[in-house]
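Participant: Now for the letters of each chain:
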Amino acid sequence: MSNIILKMDSISKSFDGKAILSDFDLEIRRNEFVTLLGPSGCGKSTILRIIGGFVRPDKGRVLFEGKDITALPPEKRNVNTVFQKYSLFPHMNVEENIAFGLKLKKKSPEYIRDKVQYALNLVNLEGYEKRDTLSLSGGQQQRVAIARAIVNEPELLLLDEPLGALDLKLRHGMQRELIKIKQEVGITFLYVTHDQEEALMMSDRIIVMNKGIIQQAGDSKSIYDEPQNAFVADFIGESNIIGALMVKDLLVRIQGVDIPCVDTGFGENVPVDVVIRPEDIEIVPENMGYINGRVMSVIFKGAYYEIKVQSEDFSWQVQSVNPAPVGEMVGMTVLPDNIQIMHKPASEDEEVVKDE
Amino acid sequence: MKRFKDIISGIYIGFIAVLLYAPILVLIVESFNSSRSRVTWGGFTLSWYVKLFNNNQILEAFITTVLLAFGSAAIAILIGVPGALGIHAMGRKRYKTMMALTNIPMLNADIVTGIALMLWFVHFIPLSFGSVLLAHISFNIPYVILSVMPRIQQMNVSIYEATRDLGAGPVYAFFHVLLPELLPGILSGFFMAFTLSMDDFVITYFTKGAGVNTLSTMIYGQIKKGIKPEMYALSTLIFVLVSLLLSIGTGISAKKEH
Amino acid sequence: MNEAKSNFTSRRILLASPYIVWVAGFTILPLIIIIHYAFTDAGGAFTFSNLGLIFSPIHLKAVMFSLEIAISSTVACILLSYPMVMAMRHLGLGKRTFSLFILILPMWMNFILRILAWQMILSNNGILNMILSWFSIAPLKIANTGTSIMIGVVYDYLPYMMLPIYTAIMDINEDLIEAARDLGAGSLTIFLKIILPLSLPGLLSGIVMVFVPSMTSFVISDILGGGKLQLIGNVIEQEFTTANNWHAGSGLSVALMIFVLISMAFTTKEHKEGRESVIW
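Top to bottom, those sequences are chains A, B and C.
Following the working numbering, the numbering of the first sequence begins with 1 at its first residue and continues without gaps.
Following the working numbering, the numbering of the second sequence begins with 1 at its first residue and continues without gaps.
Following the working numbering, the numbering of the third sequence begins with 1 at its first residue and continues without gaps.
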């Protein structure tokens, strides 16, 4: 059997004449934890709803284990969804909610009981069988929703911002639990979120999207360390993104200063974008670094200081373990390794969009 | 498949609409029927509409009906809205009791409500327009309370209290904070009360004195002798007028939704 | 309700005082008076005989006929309402005031006139039989039968069944339907397992609002029953108008009220708390 469990083949979809996806392709491998990451309105939820069967694409095919399921209604697909708003059935208790799918499959009562027990154990809700779903906290409701989906042993589990409604602390706990659950049940996860931290922490593979177009796909490390364009760099963590000139291989001119880097193959005197992470910039005395600037603000963030340095018309963000004197001139330096060179956006679609 | 379901849905809605509107269509046709007999068509005429405006009895009943509907709905609002606000502030037990009492006129058969009120009235006040008005207010208030209560539950009443706390007078706080929030509920309660009062027969029948007639009781009195065709003309006019007003109203609110 | 009541909250209760007076004067007092009439005879002596009248053969027959009409009409209203509401939901007419408008508008044609119109439609040489004759179908003889009373009752009270069911079903979040489909439920399962149970509060309000009036109506049976078929409402009305026996009429009314309360206790027992407002 092929290792590709799901394939989306040049899918297009528009709502009210507005194109959300056009000629979108996606492949998901068996047992992968794939995350679709992007700002709201980027088309990631539409992809999930097309796979779930709730939205019919205008064009293109969805292949599940090699078979075309584009026209199949949701109830006939071996795919289950964990919804953002839990969507638990309010007139059923926890046990009845979890058993819903199994009862429809006409499983034996013993099988259902065992499965429900197993699922409750998995999500740490032993003893909650008879509880009214409305009496549960948000986190508990989401666990029930997860249990309700996985008891059906889907080949692919779709998770639509499942932790979006939870508070930060609960979210971190649930992220670890989801990874554990994923390892335990061994099913493929397709996860949708706009939270880059969540994506980086959980995924085997992240697909960064904007305006219906895949900006970059890869594992957490490559996405974080080597963003391929300004959108990805900006969306994944804080970054200094500044226009620059690639003078020649291994040398880039930023704010008029030639700085050594490690990139080659861009050509000579080509305009590029440069990404430098705040933690990669080192503050040194004035005229001791590449670029000088005035310290505008210093904020203590617990583990580090967040420093803003104004140089010409650009405000550099720096993270440093040492504070800097506000109002003074300082120098800044960076290792060649930590300068990420990117092509200028080729089309409007790749332009930097700030996620509000 | 979806198309098929669309068509079936459309046909079914059409069927119910025909069921709901067939008698109304019949009455409208009757209002233009020159024959006094209800089963034969004697040709088109507008004469009933002309005669209507010379029939003082019918016009008087119409005015009574409208005054009654308007007055009872308005007074029901004045008592019901503060009532709902007060009940909402009560403790659980008293809240439940008050809501149960509110439900009594709705649960009770109209004939029982009408008779009970009539027995009460004959002992203390003469049966007249006043007694009918009191009766209508009584069955209107529950609808007002039940329309307004969900809005009260939705809104944060403490906003009102916070406004007061910040130094606003009760009148200011009521008109600037409470009223805008409650207005949709009040309007639908008023509309509901007005409609039910216009359409009521049973309670009016038992609580009215001799000489007082609403359109309903007048029509009931005419059943044996035969309905005066002017009545069809009047009903058609009311129906068309209300349809127009409501269409404009829903048109406006539909635009607002968009 | 909140634990620590603010000064304002406790003063807010005072707003209900006019209404409390009203309830005492126009809800409770009339009930006391009718109960008093029901348990006394013309001379003022205590008696159970007025209440017992309900068990006399002629009245029992009216009660049974009323029950028959009320039950069949209520069931017919339910069976007509669900497909209507589902069709409205399916076509996305849910959130629009327009659909409510369609249901409420008929109330603006006088109720007795609408029933008279049904008489014209259903009578032996009426409109329905005229239309049937165009298709060479034998005329129906439903004038002055229980069926024609039932048609009138269903017609008159259908909106009262449809509106609460409509409200309850439109409140069901589309997410729940999607979740059920996601778990493998087809249309029928979704209706039986999700929509029906979640619309139960609306259905119960609808039953209450249709069953009681359809049992006690006397105008509809007067007009469409040809004066021969008597509902319990007709019996009570005649005690007050033609027979002029107020004590007997009150006794029958109170018996009816007790009966209604008992049947309501059965239907509303299932009501979940905090949903008092389902009716409108």
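Where hints are given, some of them may not hold.
Using 25 Å as the maximum straight-line C-alpha spacing, the simulated BS3-like pairs for lysine-lysine come out as follows [said to hold, decoys possible]:
(1) A:K76 / A:K106
(2) A:K76 / B:K224
(3) A:K107 / A:K130
(4) A:K115 / C:K193
Simulated from the structure, these hints should not be mistaken for lab results.
Participant: If a hint holds in the structure, say so; if it does not, say that too.
Facilitator: Here's how the hints hold up against the structure:
| no. | hint | verdict |
| --- | --- | --- |
| 1 | A:K76 / A:K106 | 15 Å, holds |
| 2 | A:K76 / B:K224 | 63 Å, violated |
| 3 | A:K107 / A:K130 | 20 Å, holds |
| 4 | A:K115 / C:K193 | 21 Å, holds |
In terms of the numbered hints stated before, the structure departs from hint 2 and from no other.
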